[in-house]
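**Q** Protein chains in written order, with this note's numbering: chain A, 1224 to 1749; chain B, 3 to 341.
Read the hints as simulated data drawn from the structure, not as lab findings. Just to be clear, a hint being listed does not mean it is correct.
Said to hold, decoys possible - Calculated lysine-lysine pairs in the DSBU-like style (CA-CA distance at most 35 Å, straight line): (1) B:LYS88 x A:LYS1241; (2) A:LYS1295 x B:LYS133; (3) A:LYS1235 x B:LYS231; (4) B:LYS218 x A:LYS1295; (5) A:LYS1295 x B:LYS192; (6) A:LYS1306 x B:LYS8; (7) B:LYS139 x A:LYS1237; (8) A:LYS1295 x B:LYS240; (9) B:LYS279 x B:LYS147; (10) B:LYS192 x A:LYS1241.
To be verified - So the derived list for chain B, only partly shown, Cβ under 10 Å to chain A, looks like this: (11) ASN7; (12) LYS8; (13) PHE11; (14) ARG60; (15) HIS73; (16) MET106; (17) ALA293.
To be verified - Now the stretches of chain B that chain A is said to cover, found in silico as 3 or more residues with beta-carbon under 8 Å: (18) 65-72; (19) 115-127.
C-beta atoms are modelled at their ideal positions from N, C-alpha and C, and glycine is treated no differently.
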Amino acid sequence: MTWIVLGEDGGKIKFVSKNDVTGLLPKGSYLTIEEKQTKFILRVDNSSQHEPYSPSPMIIDMDLSPLNPDQKCQNIITAYRIKDLTNRSDGLIEYIRPQLLARRSNQEEIDLAFGDIKEGPQVFLATVHSGQNQLLTDEKNSLITTRLPTDMFYHQMLICGKTGSGKTVATKYLAQYFIEELGGAVLAINVKDVDFLKMDKSSNTNNPQVIKEWDKLGQKAHGIDNFIVYYPANTIIGPTKGVNPDICQKITLNVQEIDPESLTGLLHGITDAAAQNLPNIFRWWQEDRRKKRSKEDFTFSNFVNYFQEAQDNKYYFPTLNIRSDESAVTLHAGTYNNILRNLNVAVDFFDNENAKSLSERDILQPGKMSVIDVAGKNGIQFGSIVLRHLLNRIVSTKSEQKSEIPILIIIDEVHQFYNTSASNEALGDLDTICRTGRSQKIGVIFSSQNPTDIPSGLSSVINTKIFFKSDASAAKSHGIVISSDEMESLRKGFAGASIHELPQLRILKFPMAFAGVYEEGGKQNE
Amino acid sequence: MDNLNKLLFHPSFNDTISEINRLNIQLPPKPSNQEMDFQFYTYPPDGRLVTNVEEIKRYVLDPRKGDKIAHENTTICCAYDESINKFSGLEGTAFLMSHSLVVMKELDFIPLNLLTFYFYTRSKDITNKSKFIKYSKDPEMDSKKDYVNDKIEFLTEYSPSGSILFIDGPLIGGDVYTFMIRAINKFLSKDIIPIFFVKNSSSNLVTDNIPELSGKFNSDMHWAYTYLKKGQRTNFFKYADRNNPDNAKIFCYIKAFELSPQRVEFHIDTFQKYREKIDEIMDLIYYLILAQGDLKNPQVRPIAIAEKYARDTLRLTDINKIAKYSGLVPTMNQERFGW
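Just chain A, same shape as in the assembly (with noise of 0.2 Å):
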């Protein structure tokens, strides 16, 4: 197939198609121009209909037939040039000339466009034209694949999608990737049903389209080896699930070594500042048992009595802050109830026999994916607990470089965990992974169904975003390149993504996850 140049205009190059072109190249494809040692990469922006001939819709009023070459089509194409492969170095760009001709460009050709990535997950490229998505394909109908770089995951991303639209597969995907490829280890929240907790299983599928894409990858469904399911003691994980009850394990926290800060995640409906006072209050508390080494009195419930005492004492409590200042703090009468309340709710996640206090070790082991599945009941108010702890603990022993291990964190729904108005001393330790995940190789996925549920504190310091359907103005908010048509029309997989170092990729399609996807009529593939 072969496209002629017209000519430049607007900053675009102008093609129409030879006889040989049957139907629209779909936007987002990309063209190759060869000229002499010199060549052009393109990517097609507009692709419309053009006919010659101009034909008169007076015959078919009459109920004639039309000439049949008065129906012939030529695809007018305007395509920005996103890569010359030259070897000028007078400091001047090539022109592309009239007449030129291109044809779709070849793998080799759009991995020398793209950077010539050598890891990193691999995508296909994909078009949507007229509400039809399509997989890239060269002159030989061979898929056309890139590789996400991998720095992307240490510079924070954001994966939003309505419910179904591939979102999870895709974070999935990449966990899977993280742990195999590159070593690491991966910490994921499940809040909602199963989603994360059956990455030991193989996916299964009959879908040819699926299994015709692992082929091009070269891979075939397979669970991760190294997977733990923690989920707290008060909860119990039903049969009825299908999650393999031997990779499950009961977690509790321990109110003796739990940070302070991370108490903040307990906490609704207040100001940070009212919010920052619970830490302080709690760490005199702890710092007390501890001075007093008194493990029966060293329990949350105990805690909490000695919280509920202050009644009788106009909320008057001694404080002790992060850089060990003793102060006291009397608290407002609607503060104290507000975080009364949810200290009761909390009791149950503390100090449970017969489960395990977890660490940042049991988390930072290469090749190892633990999941902290927090879908029952206060499961949210668990797992923002759990998580600030964690975090603290794996930004401390990474700043400490007590370990070198690669971490990526999955946080569904971040804003169910991070409730607050999005200040960065609210925020915590995830600004700071944030600001420094790279130098440390911690990365952090946000998932969610709405990006304008991401704390606006966070979505400054994010730098890739990958947007499967959802709505198309918070997707051009976060600069995603995506007119409203398209996006209502992205089917399943299909994503409008702004990638970190990799401008060129506008549109792409990320294959089914080999771990823990379930389709319906799918052969079991264990």
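With chain A fixed as given, assemble chain B onto it according to the hints.
**A** Chain B only, in chain A's frame:
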């Protein structure tokens, strides 16, 4: 069909351009469009009365039959049109002509174009310096002869055998009469049915010769417009040589829209050879005019396409640029005048 889908250049095309460049002949940067007018070259040259071949009446055309014929695999339609640029310079007159043949294939119109370039001058000083510059006392006349000659050579060489060939312009008599006869014979030997179309004409072949119409109409077109309704044609008339009745053309007027009609002309030999098909062909013509559908440019569809190709190839051909890049160093004057 391998010899179609090309742009051909007359053998003297480049040489003529090189020579006018070498001789420092300046052409104006913007040419004028030239219409070849053959009103005074009627065919046959010494014709006389028109007689009716059929009963004088209106004949209703059937576009559905035309539709069916157009879509039959055995029907090969092709068409010819031309576009001409005239450069009137101090030293003489140049004509850049694009002859366009279009063959209507199953899925596309396949074009073939021939570009010619001639320079005519009355200056023997100039013609003595180059064999590619033509001496002419009457460039208009000589250019017409070259035009007709090229057109006929082009069509007889490249029109597909067994085709119906729609030609924009009349059967031409006058000084080029013999060319035309030769062409008709060659067409018939290749089973080509040449049909000539005249859109604008003030001739009075019918109104001057049919007594009851005499003096009532400005022209035949005027009569036909008044006489016909949409989708009708007149009967066929014969316009024959005074001395040789076998040297004649057969014509009728066809009115497709509520606009000026067109004259459709056959050489008598063509008409006689294909008499049985003529009614079908008239239905086909009507269908093809409807397929064109453009009230501003009503003609059979393939001619309209040929016209587009003729104009486009001419537009793409910048003689002044070709001269500049023909390998010769432009003179100071050429540069100054913006060549």
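**Q** Confirm or reject each hint.
**A** Going through the hints against the structure:
no., hint, result
1, B:LYS88 x A:LYS1241, "holds, 32 Å"
2, A:LYS1295 x B:LYS133, "violated, 45 Å"
3, A:LYS1235 x B:LYS231, "violated, 51 Å"
4, B:LYS218 x A:LYS1295, "violated, 47 Å"
5, A:LYS1295 x B:LYS192, "holds, 29 Å"
6, A:LYS1306 x B:LYS8, "holds, 34 Å"
7, B:LYS139 x A:LYS1237, "violated, 48 Å"
8, A:LYS1295 x B:LYS240, "violated, 40 Å"
9, B:LYS279 x B:LYS147, "holds, 32 Å"
10, B:LYS192 x A:LYS1241, "holds, 32 Å"
11, ASN7, "holds, 9 Å"
12, LYS8, "violated, 14 Å"
13, PHE11, "violated, 17 Å"
14, ARG60, "violated, 20 Å"
15, HIS73, "holds, 7 Å"
16, MET106, "holds, 6 Å"
17, ALA293, "holds, 5 Å"
18, 65-72, "holds (count 4)"
19, 115-127, "violated (count 0)"
The structure fails hints 2, 3, 4, 7, 8, 12, 13, 14, 19 (numbered hints given earlier, in ascending order).
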